[in-house]
Amino acid sequence: MARSLFILVFLLSFVSGEQFIFSALLDTKDGVVRSENISIVRSKIELKSPKFYRICEIETSFDINNSDDFFSNYKSEIFECFFLNGAKVSSAIKKSGDFVTKNTTISILPIRFIINFKPNSVIISTLKYKAK
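FYI, in the numbering used here the residues of the sequence shown are 133 to 264.
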């Protein structure tokens, strides 16, 4: 009995996938990046039977089977993937005498996602929530 329960839990861990949360804040002044905060963390609470949809596929130069390696080597590609699927951009121009400065802030609100490893690529899917 215990063996079959272990096998069931083991197989379900591969089917459901590990859930992560992504958020980002990028601040620029006159086109130069002042601060960059990209955060990818494992979700502490797993959603039960979530529905998700694919948002992008990132080509890799070698096979990756570890999420930590993928996140550290492809952080800018992951940012682009989420940026193209929804980001908040705010911009302000300040004039002081003859000087003009432009401040731009790009923020991506926290979003839950999963990754699926394929040969030489990784598929990122975001979770779709049920409306109650």
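These are calculated hints, taken from the structure and not from any lab test.
In this text, all values refer to a predicted model and were calculated from it rather than measured experimentally.
Glycine included, each C-beta is placed from N, C-alpha and C at the ideal position.
Check the hints yourself; a few may be wrong.
As the list claims (entries may be wrong) - When the alpha-carbon atoms are kept at most 20 Å apart in a straight line, the in silico EDC-like pairs for lysine to aspartate or glutamate are as follows:
1. Lys207 <-> Asp162
2. Lys226 <-> Glu150
3. Lys180 <-> Asp201
4. Lys207 <-> Asp230
5. Lys234 <-> Glu150
6. Lys250 <-> Glu209
7. Lys234 <-> Asp162
8. Lys220 <-> Glu178
9. Lys180 <-> Glu212
10. Lys250 <-> Glu168
11. Lys220 <-> Glu168
12. Lys250 <-> Asp162
13. Lys220 <-> Glu150
14. Lys176 <-> Asp200
15. Lys176 <-> Asp195
16. Lys207 <-> Asp195
17. Lys227 <-> Asp159
18. Lys180 <-> Asp230
19. Lys220 <-> Asp230
20. Lys234 <-> Glu168
21. Lys250 <-> Asp159
22. Lys207 <-> Glu150
As the list claims (entries may be wrong) - DEER-style ranges, computed between Cβ atoms:
23. Lys176 <-> Leu216: 26 to 36 Å
24. Leu216 <-> Ile153: 44 to 54 Å
25. Ile153 <-> Ser193: 33 to 43 Å
26. Glu189 <-> Ile153: 16 to 26 Å
27. Asn252 <-> Lys207: 31 to 41 Å
Results of checking the hints against the structure:
1. Among the hinted pairs, Lys207 with Asp162 is inconsistent with the structure: their alpha-carbon atoms are about 24 Å apart, more than 20 Å.
2. With a CA separation close to 44 Å, the supplied pair Lys226 and Glu150 exceeds the 20 Å bound.
3. Under the criterion of a C-alpha separation no larger than 20 Å, the hint pairing Lys180 with Asp201 is inconsistent with the structure, at around 26 Å.
4. For a cut-off of 20 Å, the pair hint linking Lys207 to Asp230 is broken: about 38 Å separates their Cα positions.
5. In summary, the hint linking Lys234 to Glu150 is not supported, as the alpha carbons are separated by about 40 Å, beyond the 20 Å threshold.
6. With a C-alpha separation of about 16 Å, the suggested pairing of Lys250 with Glu209 holds against the 20 Å cut-off.
7. In summary, the hint linking Lys234 to Asp162 is supported, as the alpha carbons are separated by about 5 Å, within the 20 Å threshold.
8. The hinted pair formed by Lys220 and Glu178 fails the criterion: a straight-line CA distance of about 26 Å is larger than 20 Å.
9. Annotation: proposed proximity of Lys180 to Glu212 is violated, straight-line Cα distance about 28 Å (limit 20 Å).
10. For the proposed pair Lys250 and Glu168, the alpha carbon gap of about 29 Å is over 20 Å, so the pair is violated.
11. Distance check on the hinted pair: Lys220 and Glu168 sit about 15 Å apart at the alpha-carbon level, within 20 Å; holds.
12. Our distance criterion of 20 Å between C-alpha atoms is broken by Lys250 and Asp162, whose separation comes to about 40 Å.
13. Pair hint Lys220 plus Glu150 does not hold up; C-alpha atoms about 26 Å apart against a cutoff of 20 Å.
14. At most 20 Å may separate the alpha-carbon atoms for a hinted pair to count; Lys176 and Asp200 meet this at roughly 16 Å.
15. Among the hinted pairs, Lys176 with Asp195 is inconsistent with the structure: their alpha-carbon atoms are about 27 Å apart, more than 20 Å.
16. This hinted pair checks out: Lys207 and Asp195 have alpha carbons roughly 16 Å apart, not beyond 20 Å.
17. Taking the CA atoms of Lys227 and Asp159, the gap is about 19 Å. The hint holds against a cut of 20 Å.
18. Proposed proximity of Lys180 and Asp230 is contradicted: the alpha carbons are some 58 Å apart, above 20 Å.
19. At roughly 30 Å between alpha-carbon atoms, Lys220 and Asp230 are farther apart than 20 Å, so this suggested pair is violated.
20. With a CA separation close to 17 Å, the supplied pair Lys234 and Glu168 stays within the 20 Å bound.
21. Between Lys250 and Asp159 the CA atoms are separated by roughly 34 Å; this puts the pair beyond 20 Å, and the hint is violated.
22. For the given pair, Lys207 sits about 18 Å from Glu150 by alpha-carbon distance, which is consistent with the 20 Å threshold.
23. In this structure the hint that Lys176 and Leu216 lie 26 to 36 Å apart at CB holds, the actual value being about 27 Å.
24. Between Leu216 and Ile153 the beta carbon distance is about 18 Å. The supplied range of 44 to 54 Å is therefore violated.
25. Checked against the hint of 33 to 43 Å, the C-beta distance between Ile153 and Ser193 comes to roughly 26 Å, which is inconsistent with it.
26. At roughly 20 Å, the beta carbons of Glu189 and Ile153 sit within the given window of 16 to 26 Å.
27. Take Asn252 and Lys207: their Cβ atoms lie about 19 Å apart, and the range 31 to 41 Å is violated.
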